[in-house]
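Take these sequences, add in the hints, and give me the full structure.
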Amino acid sequence: MVDTKIKIRDLDFFYGKKQILFNVDLDFYSNQITSLIGPSGCGKSTLLRCLNRMNDIIPGIKVNGNILYNKFNLYKEENSVVEIRKKIGMVFQKPNPFPMSIFNNVSYGLRVQGEKDKEKIKKIVRESLEKADLYDEVKNRLNSSAFSLSGGQQQRLCIARALAINPDVILLDEPCSALDPIATAKIEELLKKIKKEHTIIIVTHNMHQAKRISDYTCYLLDGKIIEFSETNELFNNPKNKLTKDYINGVFG
Amino acid sequence: MVKMDEQKKEKIYFTIFKIATFFSVVLLGFILIYIFVKGVSVINLNFLTSMWNHQDITKGGIFPAIIGTLFLAVGVSIFSIPIGISTAIYLNEFAKDNLFNRLIKLSIRNLAGVPSIVYGLFGLAFFVLLLKFGTSLLAASLTLGCMTLPWIITTSEEALKSVPNSFREASLALGATKIETIKMIVLPNSLGGMLTGSILGISRAMGETAPIIMVGATFFMNYLPKSAFDKFMALPYHLFILATQHSSPYSREYALGTALVLIFLVFSLNLGMFVIRYKLRSKKEW
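As given, the protein sequences belong to chains A and B, one line each in that order.
Residue numbering for the first sequence follows this note's numbering, beginning at 1 and increasing consecutively.
Residue numbering for the second sequence follows this note's numbering, beginning at 253 and increasing consecutively.
Calculated from the structure, these hints are not laboratory results.
Hints should not be assumed to be uniformly reliable.
[Claimed, not checked] Interface residues of chain B toward chain A, partial, derived using beta-carbon atoms under 10 Å:
| id | residue |
| --- | --- |
| 1 | Asn344 |
| 2 | Lys348 |
| 3 | Asp349 |
| 4 | Glu410 |
| 5 | Lys413 |
| 6 | Pro416 |
| 7 | Phe419 |
| 8 | Glu421 |
| 9 | Ala422 |
| 10 | Ser423 |
| 11 | Gly427 |
| 12 | Thr429 |
| 13 | Met436 |
| 14 | Arg529 |
[Stated by the list, open to error] Restricting the straight-line Cα-Cα distance to at most 27 Å, the calculated cross-link-like pairs of lysine-lysine (DSS-like) are:
| id | chain 1 | residue 1 | chain 2 | residue 2 |
| --- | --- | --- | --- | --- |
| 15 | A | Lys87 | B | Lys483 |
| 16 | A | Lys241 | A | Lys71 |
| 17 | A | Lys62 | B | Lys430 |
| 18 | B | Lys435 | A | Lys123 |
| 19 | A | Lys120 | B | Lys348 |
| 20 | B | Lys348 | A | Lys17 |
| 21 | A | Lys120 | B | Lys435 |
| 22 | B | Lys435 | A | Lys116 |
| 23 | A | Lys76 | A | Lys18 |
| 24 | A | Lys62 | B | Lys348 |
These numbers come from a predicted model, not from an experiment.
Every residue gets a Cβ at the ideal spot worked out from N, C-alpha and C, and that includes glycine.
Rendered as structure tokens:
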């Protein structure tokens, strides 16, 4: 039996007058990888961005419904966005390291939190880079610019940066869409490894990726959840005809 | 055959652009060389460091005008750079994108195009008369500051816009507040651009003549301004007086010498700007 980490109940999302998400009910389980799949524009990224309230920065949005994280309602506590984001980290579609050194990228979250202990920062940076399978590649050039890394390395750096503040949940928004298959495989391996300590929610347009790495998969279409179940079940024995059509490539 | 025509066409366009470039370079070069050749003869230590002698201009120097222009540059900087940059940060990072704020941004852009003499008139009415600053260094600094503000705001906004939003998102997603994000990510990556724009604005203000005549520049002072409420001499106005109002047979040479000093000051400022921009560019990698 797995614990539920995040519970979404009756979630509606509006951008201006346009409704993007319709009455979403969804559970994310602790220490599992859950994939959100669906065609472009189905609302999967929007749903993901509701979970750390990144949508807040877009003007003209409205959210109805509840998202419970450890029984704590993400949308009730007005002032705790910063705390939410420390607990629920995010990795973006395009690698977006800061224009600073590799070390300073990883230590950014700690410095923002006011951590002054240099030794502690060094230790956490090293651990985070190790967890993101990047340490061996960069250990001799921690002070060079993050832009000197390849795309795949940059994305792993962004994962290390997110890991450094030890989030409980990690959200990934199509993290491999800009990467080649080898870089993608590395990231998939490391996600499987770190799920022991973190709950992982990943948006992907790549069904094979969802199949390879996730324990649970949710299929969204036009802002509605069509089907949610264990990954094997969803791909091998879809209950809904729409799901079957999508995974069989009838449309997509 | 078609290919030949294309090549010919290209050559014609290329030649037109080349002639235009040649023309502007020659024109600018001619002005600079003319000023240098005619003006350099009067430049000596006495000219640069002694007080103005209105009766015999060959005996005196333009020291008070140099100091006046430098004071003015400092005054304008103190007033307009902090306010301009702060305004740009508010407009770009905090202000909601609604009709009212868009109207404000549009007005600021339009203010940048208002003729400087209009600012002079405003300064005379507001700073000199209403606020009773008198015709003074302070009134002139504030007047030129107002004139420079729209320029600094606009260029600073551009600098802020050049910082990719993905940086801001990444910082916010790591639990940074908006202020922390601005302090640690946005400002370090845009300050160079903002300062470049500011310096360019200041160097334009240094060359302004029309507005300062109305609010505090004077053509003859035999002492340096002792406080912000004193009048002052300034290089561009001094230049104007020498070129048009003075009867001395040497006044033409002395006007050109003054112009040379003014150009040198403005060039030095722009050189500083180039250094900042160069350092910035070597850092920018996204």
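Hints and how they fare:
1. Residue-level restraint check for B:Asn344 is violated (minimum Cβ-Cβ distance to chain A is 14 Å; threshold 10 Å).
2. With 10 Å as the threshold, the beta carbon of B:Lys348 comes within range of chain A, its nearest partner Cβ sitting at about 6 Å, so the hint holds.
3. Hint status for B:Asp349: holds, given a least beta-carbon distance of 6 Å to chain A, under 10 Å.
4. At a threshold of 10 Å, the smallest CB-CB gap from B:Glu410 to chain A is about 18 Å, leaving the interface hint violated.
5. A distance limit of 10 Å between C-beta atoms decides the matter here; for B:Lys413 the minimum to chain A is near 16 Å, and the interface restraint is violated.
6. Hint on B:Pro416 holds. Least Cβ distance to chain A is approximately 8 Å, under the 10 Å limit.
7. Interface restraint check for B:Phe419: the shortest CB-CB distance to chain A comes to about 6 Å, inside 10 Å, so the restraint holds.
8. Restraint check, B:Glu421 versus chain A: the minimum CB separation of about 7 Å is within 10 Å; hint holds.
9. Hint status for B:Ala422: holds, given a least beta-carbon distance of 5 Å to chain A, under 10 Å.
10. Satisfaction of the interface hint for B:Ser423 is found here, the shortest Cβ-Cβ separation to chain A being roughly 7 Å, below the 10 Å cut-off.
11. The criterion of a C-beta within 10 Å of any C-beta in chain A is met by B:Gly427, whose closest approach is roughly 4 Å, and the hint holds.
12. Nearest Cβ of chain A to the Cβ of B:Thr429: about 6 Å, under the 10 Å cut. The hint holds.
13. For B:Met436, the shortest C-beta to C-beta distance to chain A is roughly 7 Å, which falls under 10 Å, so the interface hint holds.
14. Look at B:Arg529: its Cβ only gets to about 16 Å from chain A, farther than 10 Å, so that hint breaks.
15. Between A:Lys87 and B:Lys483 the alpha-carbon distance is near 61 Å, which puts this suggested pair outside the 27 Å criterion.
16. Straight-line distance between C-alpha atoms of A:Lys241 and A:Lys71 comes to about 34 Å, which puts the hinted pair past the 27 Å bound.
17. Between A:Lys62 and B:Lys430 the alpha-carbon distance is near 21 Å, which keeps this suggested pair within the 27 Å criterion.
18. Between the alpha carbons of B:Lys435 and A:Lys123 the distance comes to roughly 25 Å, so the proposed pair stays at or under 27 Å and holds.
19. For the hint linking A:Lys120 to B:Lys348, the alpha-carbon distance of about 39 Å lies beyond 27 Å, and the restraint is violated.
20. Among the hinted pairs, B:Lys348 with A:Lys17 is consistent with the structure: their alpha-carbon atoms are about 18 Å apart, no more than 27 Å.
21. Under the criterion of a C-alpha separation no larger than 27 Å, the hint pairing A:Lys120 with B:Lys435 is consistent with the structure, at around 23 Å.
22. For the given pair, B:Lys435 sits about 17 Å from A:Lys116 by alpha-carbon distance, which is consistent with the 27 Å threshold.
23. This hinted pair checks out: A:Lys76 and A:Lys18 have alpha carbons roughly 23 Å apart, not beyond 27 Å.
24. Between A:Lys62 and B:Lys348 the CA atoms are separated by roughly 16 Å; this keeps the pair inside 27 Å, and the hint holds.
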